[in-house]
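**Q** If you want the building blocks of each chain, they are given just below.
There are 2 protein chains.
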Amino acid sequence: MTEIHPHPPVNFMDLAFRQAEAAYEKGEVPIGAVLVDPASGEVLAADHNRVEERHDPTAHAEMLVIQAVATSRREKRLPFADLYVTLEPCPMCATAISFARLRRVIYGAPDPKGGGIDSGPRLYTLPTCHHRPQVIGGSGEDRSAELLRSFFKARR
Amino acid sequence: MTEIHPHPPVNFMDLAFRQAEAAYEKGEVPIGAVLVDPASGEVLAADHNRVEERHDPTAHAEMLVIQAVATSRREKRLPFADLYVTLEPCPMCATAISFARLRRVIYGAPDPKGGGIDSGPRLYTLPTCHHRPQVIGGSGEDRSAELLRSFFKARR
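Note that the protein sequences, when read in sequence, are chains V and G. Residue numbers for the first sequence follow the UniProt record's numbering, beginning at 1 and rising by one. Residue numbers for the second sequence follow the UniProt record's numbering, beginning at 1 and rising by one.
Keep in mind the hints are simulated off the structure, nothing from the lab. Each hint should be verified, as a subset may be incorrect.
Because identical chains cannot be distinguished in the list, a pair is counted as satisfied if it fits within a single copy or across any two copies.
Stated by the list, open to error - With a straight-line Cα cutoff of 25 Å, these simulated DSS-like cross-link-like pairs (lysine-lysine) come out:
id, residue 1, residue 2
1, LYS76, LYS26
2, LYS26, LYS153
3, LYS76, LYS113
4, LYS153, LYS113
5, LYS153, LYS76
6, LYS26, LYS113
Please take these sequences and the hints and turn them into a complete structure.
**A** Right, dumping it as structure tokens:
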């Protein structure tokens, strides 16, 4: 789950997409995420949605990379880390990102139906939100949207 | 983590409070949760907040009981199950509850600062919410609030 990439610059969003494509091949909703230490250029964890494989409704890509890095480092907060994810995080993941104090979230396509950051509850705009990461949306939007469209079309 | 109680009626909220008290003793924010099959009266899982122990910002009581039951039954949806939890769930847990299709959520104290159901984003009122469990709030409110007050007072 953890890969080391010694030769930056690595295209972290491309790594997240490769995870999403791996999910697609397994019949998982194709969403991938990579947690990065931008200071060192190190990929701390890369994973994809595993809801079907684990029979776990909480096994979203973002949750898995946060849990993997936090538990292995024994640090519940990762304020140095940036998350690259192919789709706008849902409210569950957006809240976990805030709890983990991530520095930045860079996402592919916005998700008007299921997102929690720039869509739906817009959680980071609420006065009750204790930590608002920087958010960069729309980074690889077409690739993300096309992957999801193709997945759901094939399932119909 | 899973306990069987063959002699209903069991006070499920009391079981959730015993979990919260166990968390308190370990230095965890004292919140407990119990996932129940109301048809059989069976307690499917009981757990408490383990954020400190696991160094995992997502290890809330609600997440742990949902994950335990879903993965052990190999069912990502648990539409027959009721969740008893001592505090109003946060947006992360409220979303996980919806994803798991739980039937009902019965919570102790409301959490105006951190809740996601009747406070903050009020997630189940959004048009993008696909599953809205029944919600019963304020069941054991004083006991829950007192436990949390005592915990945070002792830590100051």
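**Q** Now tell me, hint by hint, if it's right for this structure.
**A** Evaluation of the provided hints:
1. LYS76 with LYS26: This pair counts as between: shortest inter-copy Cα distance 17 Å, intra-copy 30 Å.
2. LYS26 with LYS153: Only inside one copy: LYS26 and LYS153 sit 15 Å apart there, 49 Å across copies, limit 25 Å.
3. LYS76 with LYS113: between (30 Å within a copy, 20 Å between copies)
4. LYS153 with LYS113: Cα proximity of LYS153 and LYS113: one copy only (17 Å, versus 41 Å across).
5. LYS153 with LYS76: Between. Shortest inter-copy distance 22 Å satisfies the 25 Å Cα cut-off; intra-copy 39 Å does not.
6. LYS26 with LYS113: The answer is within: 24 Å in one copy meets 25 Å, while 40 Å across copies does not.
Every hint, counting from the list given before, is met by this structure.
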